[in-house]
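Protein chains: 2
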Amino acid sequence: MLKGIDPLLTPELLCIMMAMGHDDALVLADANFTAQSIAAGKPVIRLPGVSMLDAVQAVSSLLPLAADVTHPVAFMAVSGEPDSYRSALQREVITRLTPELLPGQSAEPIERFTFYERARAAYAIVLTGEKQPFGNFILRKGVIGENLRP
Amino acid sequence: MLKGIDPLLTPELLCIMMAMGHDDALVLADANFTAQSIAAGKPVIRLPGVSMLDAVQAVSSLLPLAADVTHPVAFMAVSGEPDSYRSALQREVITRLTPELLPGQSAEPIERFTFYERARAAYAIVLTGEKQPFGNFILRKGVIGENLRP
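Chains as they are written, first to last, in our numbering: chain B, 1 to 150; chain D, 1 to 150.
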């Protein structure tokens, strides 16, 4: 445990989040996600028993979201539903992340197999204990620092 | 970089600090310290160019000090000086850490070769870029959490 750090952030997850750079992506996946095979050697951090909402809260407490893209958050769209559909869990997670979004930014629904491709390109996968299906999200990391000296 | 996290804390150092438990010790060493041989396989985190004061500030921003010992902070005493002697750097570091100490707690001077033994028993060594000799410190980790339910 460390001062002010959410204890759901394991040492390895903290290390990964700090090591990620601008626009590196972190997948937060539900318990059924094919994390290990999709990761193909990239880190998979396991948070068994941890809900997606708690994992999102812990990660977003430290991880800045990318300010220079329209969709710093993406989620796996529920198959067979219209593009505007959001499950209860998806609504809850998006509501939790909304204070982090800038004007004009929003969360992007991504079709299941396209989501897998995005996950393959991510920096790491956090496999939560979330049991709700289609409980998969991607966060793109932003920057912290000074303004550009022109 | 992460929100509110001192960027001197490398991903590996963050990982180590989070992984440490109650009363695990972290050595903060000057640039001449025999870190690699004393560590004997335990982690050595290198912060080249970083002063001891900056390293202490970064580490103590997250690491709680042990509340249940008299000396949660120790330092390598300057050889040949009386026990009460403190170098300028030692005074500065102790002043920086004093707000973290409880009543009755203090920093403990430790003779050089005894310090090496303590360092061998530590969890990890942070090798800073500090050029002042005898600029070596040990911090013992405390706990964060709830009070005991009796």
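In short, the hints are calculated from the structure, not lab data.
Take the hints with a grain of salt, since some may be wrong.
Pairs count within a copy or across copies, as identical chains cannot be separated in the list.
Stated by the list, open to error - List of simulated lysine to any residue pairs, SDA-like, C-alpha gap at most 25 Å: (1) K42 <-> L62; (2) K3 <-> R96; (3) K42 <-> R91; (4) K42 <-> S106; (5) K3 <-> K42; (6) K3 <-> H71; (7) K131 <-> V143; (8) K42 <-> R118; (9) K42 <-> N147; (10) K42 <-> E111; (11) K3 <-> I38; (12) K42 <-> D83; (13) K3 <-> G104; (14) K3 <-> E100; (15) K131 <-> Q36.
Comparing the hints with the structure gives:
{"no.": "1", "hint": "K42 <-> L62", "verdict": "within (21 Å within a copy, 28 Å between copies)"}
{"no.": "2", "hint": "K3 <-> R96", "verdict": "both (23 Å within a copy, 17 Å between copies)"}
{"no.": "3", "hint": "K42 <-> R91", "verdict": "neither (29 Å within a copy, 45 Å between copies)"}
{"no.": "4", "hint": "K42 <-> S106", "verdict": "neither (27 Å within a copy, 45 Å between copies)"}
{"no.": "5", "hint": "K3 <-> K42", "verdict": "between (29 Å within a copy, 24 Å between copies)"}
{"no.": "6", "hint": "K3 <-> H71", "verdict": "between (31 Å within a copy, 20 Å between copies)"}
{"no.": "7", "hint": "K131 <-> V143", "verdict": "neither (32 Å within a copy, 32 Å between copies)"}
{"no.": "8", "hint": "K42 <-> R118", "verdict": "within (13 Å within a copy, 37 Å between copies)"}
{"no.": "9", "hint": "K42 <-> N147", "verdict": "neither (32 Å within a copy, 39 Å between copies)"}
{"no.": "10", "hint": "K42 <-> E111", "verdict": "within (22 Å within a copy, 45 Å between copies)"}
{"no.": "11", "hint": "K3 <-> I38", "verdict": "neither (34 Å within a copy, 29 Å between copies)"}
{"no.": "12", "hint": "K42 <-> D83", "verdict": "neither (30 Å within a copy, 52 Å between copies)"}
{"no.": "13", "hint": "K3 <-> G104", "verdict": "between (34 Å within a copy, 22 Å between copies)"}
{"no.": "14", "hint": "K3 <-> E100", "verdict": "both (22 Å within a copy, 12 Å between copies)"}
{"no.": "15", "hint": "K131 <-> Q36", "verdict": "within (17 Å within a copy, 45 Å between copies)"}
Hints 3, 4, 7, 9, 11, 12 from the list above are not met by this structure, while the remaining hints are.
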